[in-house]
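Chains as they are written, first to last, in my numbering: chain A, 1 to 194; chain B, 1 to 463.
In short, the hints are calculated from the structure, not lab data.
We put the CB at the ideal spot given by N, CA and C, even for glycine.
It cannot be assumed that every hint is accurate.
[Stated by the list, open to error] Below, in silico cross-link-like pairs of lysine to aspartate or glutamate (DMTMM-like), each with a Cα-Cα straight-line distance of 20 Å or less: (1) 15/A x 310/B; (2) 194/A x 28/B; (3) 318/B x 45/A; (4) 194/A x 7/B; (5) 31/A x 412/B; (6) 31/A x 84/B; (7) 56/A x 314/B; (8) 31/A x 77/B; (9) 45/B x 57/A; (10) 321/B x 57/A; (11) 184/A x 28/B; (12) 123/A x 310/B; (13) 15/A x 314/B; (14) 31/A x 237/B; (15) 417/B x 45/A; (16) 46/B x 137/A; (17) 261/B x 191/A; (18) 46/B x 175/A; (19) 123/A x 314/B; (20) 186/A x 28/B; (21) 194/A x 314/B; (22) 254/B x 274/B; (23) 45/B x 178/A; (24) 194/A x 256/B; (25) 54/B x 191/A; (26) 381/B x 350/B; (27) 318/B x 57/A; (28) 251/B x 237/B.
[Claimed, not checked] Estimated spans, in silico, between C-beta atoms of each pair: (29) 146/A x 416/B: 48 to 56 Å; (30) 56/A x 238/B: 54 to 62 Å; (31) 154/A x 77/B: 46 to 54 Å; (32) 357/B x 93/A: 49 to 57 Å; (33) 328/B x 168/A: 47 to 55 Å; (34) 129/A x 328/B: 45 to 53 Å; (35) 238/B x 8/A: 56 to 64 Å; (36) 155/A x 85/B: 51 to 59 Å.
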Amino acid sequence: MEKFNKTISQLTPLKIQNIDTDQIIPARFLKAVSREGFGENLFRDWRYNSNNEPIKDFVLNNHNKDSKILIAGRNFGCGSSREHAAWAIYDYGFKVVISSFFADIFKNNCLNNGLLVFQLEEKIIQEIFDKIDNNRDHEFTVDLENQNFSSKDLKINHSFSINEYNKSCLLNGYDNIDYLLSVKDKIIQFENSK
Amino acid sequence: MGKTLFDKVWDNHIVDNIPNGPSILYVDQHLIHEVTSPQAFSGLKKRNINVFRKDRTVATADHNVPTLNQHLPIQEELSRNQVETLTKNCKETGINLYGLGHKYQGIVHVIGPELGITQPGMTIVCGDSHTSTHGAFGSIAFGIGTSEVEMVLATQCLLQNKPKRMKIEINGKLNKGVFSKDIILYVISKISASGGTGYFIEFAGSAIESLSMEARMTICNMSIEMGARGGMIAPDEITYEYIRGKEFAPKNEKFDESVQKWNILKSDEDAVFDKVLKFDAEDIEPMITYGTNPGMGIKISEVIPNSAVENSNESFKKSLKYMGLKSGDKLLNHKIDYVFIGSCTNSRIEDLRLSAKIVKGKTKAKHVSAWVIPGSKKVEKLAIDEGLNKIFMDAGFEFRQPGCSACLAMNEDKIPKDNYCVSTSNRNFEGRQGPGSRTFLASPVTAAISALNGCVSDIREHI
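Sequences and hints are given; from them, build the entire structure.
Quick look at the structure:
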């Protein structure tokens, strides 16, 4: 897993609630047997019409392609457990996803792939949406070490919470499997006790 | 202080707790399928490690498989490759596979229970969010991502934060024409598609206790549709009778010993839940969804509202636009194009029996395509033995072979753009049943009667 520490970028706003993983990556694109290349079909049916032409109003088609921070309405990532959704977001180039509320499985899937997800209050998200409505050029900084999200230009400064274990995994690029393999003796002991 | 059912099962499976971090949870039973497992197996190879406990994983092919001509090679190349990759991975690792053509093949959440693999008090995971289905037996069962599938294959454990506990009680007697699918659609419409996020739910109350195991599975199956990681129901005599005699269930004295252990799997009277919700069974009517998340549901006699709980105005409008519907519209008598009876929510023998009873001796509306997809080879065989397939086919329905089919439209079974489908599946998301498809979620009985009439219909007008 890649290490994550700090990201500075414009925001990509998705002002829709209850975005499910079928929208993030439709089922017909889940047929690969590797983890790569899903970014191409991220939000496929919102990004392209049935003739495969880009839909101009959709934010990924009319916004800075180098943005690394996706900010979305509440209950982001609900529905299917497909980790392909996290792979698609990461493969597209995002390093951070912010919402007021994430679905549980999606959150774990992101963290397992070095994709930082954190929650801000709905009111704050709405304020940010409003502030960047007319001008999306402002840069934001996500600082994981200090658990801080800010924009100097817009005078925005918020702290965010993340559990210590997940934070240290992201900062160091550790993954859960390495950890679990390191405690295999305990697991065997547990099995023997049953 | 007493313990909840969830606490009892959870505590019994904790290997260790990481300070300021998650717990190490031992997994008794792991289920895998072709779509979310290949990258986990390649992860193991990359790390050069073996499957730790191959006997605790069972595999089947369901998400991608065709529902016609299963004896022939899969036509679609990518699907075929995924199914073949699963076969190869199972062969190499020694994992038991019930693949295409096997008498136990079927939707992963249908075969676990019907084979007696699913048992009370277990921890069960699968790379599929509807793993919550198995909670109907009083087990902790939930969906996981592919990295977590790899963790389980590598160590038989997961790192999990303990969720909060919610109890949803439904008391009273169910009205005529109301089934377990209606109960769960009703609850989700009340608490929204995110109302259960962060919680594990215990369903209780006299209305739940009166349900068969298959009906209970429908309820737990859809707990994920309110955001809950899982739902569970305390095991009772109905549970034990269902399990008795199943292929992989404990036999004879072993079974009696197991029942002794299972009997303690209920929440203590003084157990404290983080949240308790109560509903009255008499308030529930046949339900149907009108929007693009399962929380957007109404009683079938109601009109489409102006708003839905936890949906902003903007999202609500987007949803109705997609569905081609307006606030104030009735869904009753709305013309439909497709009916899909199937999925891990409603493809079991009882679902097929109930809908066959409605269809028997009648003919579907000419303009409707109606598909019945049994949940497994075992369900298919039972349905054929009971002559249900003939009842469906005589009525103009297609009776096909087992798989996930049009629930997520990964195979050829897709609902065309702008077509309306009354579906017994679990998700009405945009494009879920095929690009541009429009889904009305409902019970198998509502689906069956709607197929006959060619429009959304109220079963109570016909019984």
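Query raised in the report: Between residue 31/A and residue 84/B, is the straight-line Cα distance small enough, at 20 Å or below?
Result: holds, 12 Å
**Report entry** Restraint status (C-alpha distance of residue 194/A to residue 314/B at most 20 Å)
**Finding:** violated, 53 Å
Report task. Mind checking the alpha carbons of residue 46/B and residue 137/A for me, to see if they're no more than 20 Å apart? Result -> violated, 41 Å
Requested in this report: Determine whether the Cβ-Cβ distance between residue 357/B and residue 93/A falls within the hinted range of 49 to 57 Å.
Outcome: Given about 54 Å between the Cβ atoms, the range holds.
Query raised in the report: Is it true that the CA of residue 45/B sits at most 20 Å from the CA of residue 178/A?
Result: holds, 14 Å
Query raised in the report: Can the suggested window of 46 to 54 Å be confirmed for the beta-carbon pair residue 154/A and residue 77/B?
Result: holds, 49 Å
Query raised in the report: Can the restraint linking residue 318/B and residue 45/A be considered satisfied, given a maximum Cα separation of 20 Å?
Result: holds, 14 Å
Query raised in the report: When you take the CB atoms of residue 155/A and residue 85/B, is the distance between them in 51 to 59 Å?
Result: holds, 52 Å
Query raised in the report: Straight-line Cα separation of residue 251/B and residue 237/B no greater than 20 Å?
Result: holds, 16 Å
**Report entry** 20 Å limit on alpha-carbon distance, applied to hinted pair residue 31/A and residue 237/B
**Finding:** violated, 42 Å
Requested in this report: Would you check the hint for residue 254/B and residue 274/B, treating anything up to 20 Å between C-alpha atoms as holding?
Outcome: violated, 36 Å
Query raised in the report: Is the straight-line distance between the alpha-carbon of residue 321/B and that of residue 57/A 20 Å or less?
Result: holds, 16 Å
In terms of the numbered hints stated before, the structure departs from hints 9, 14, 16, 21, 22 and 34, listed from lowest to highest.
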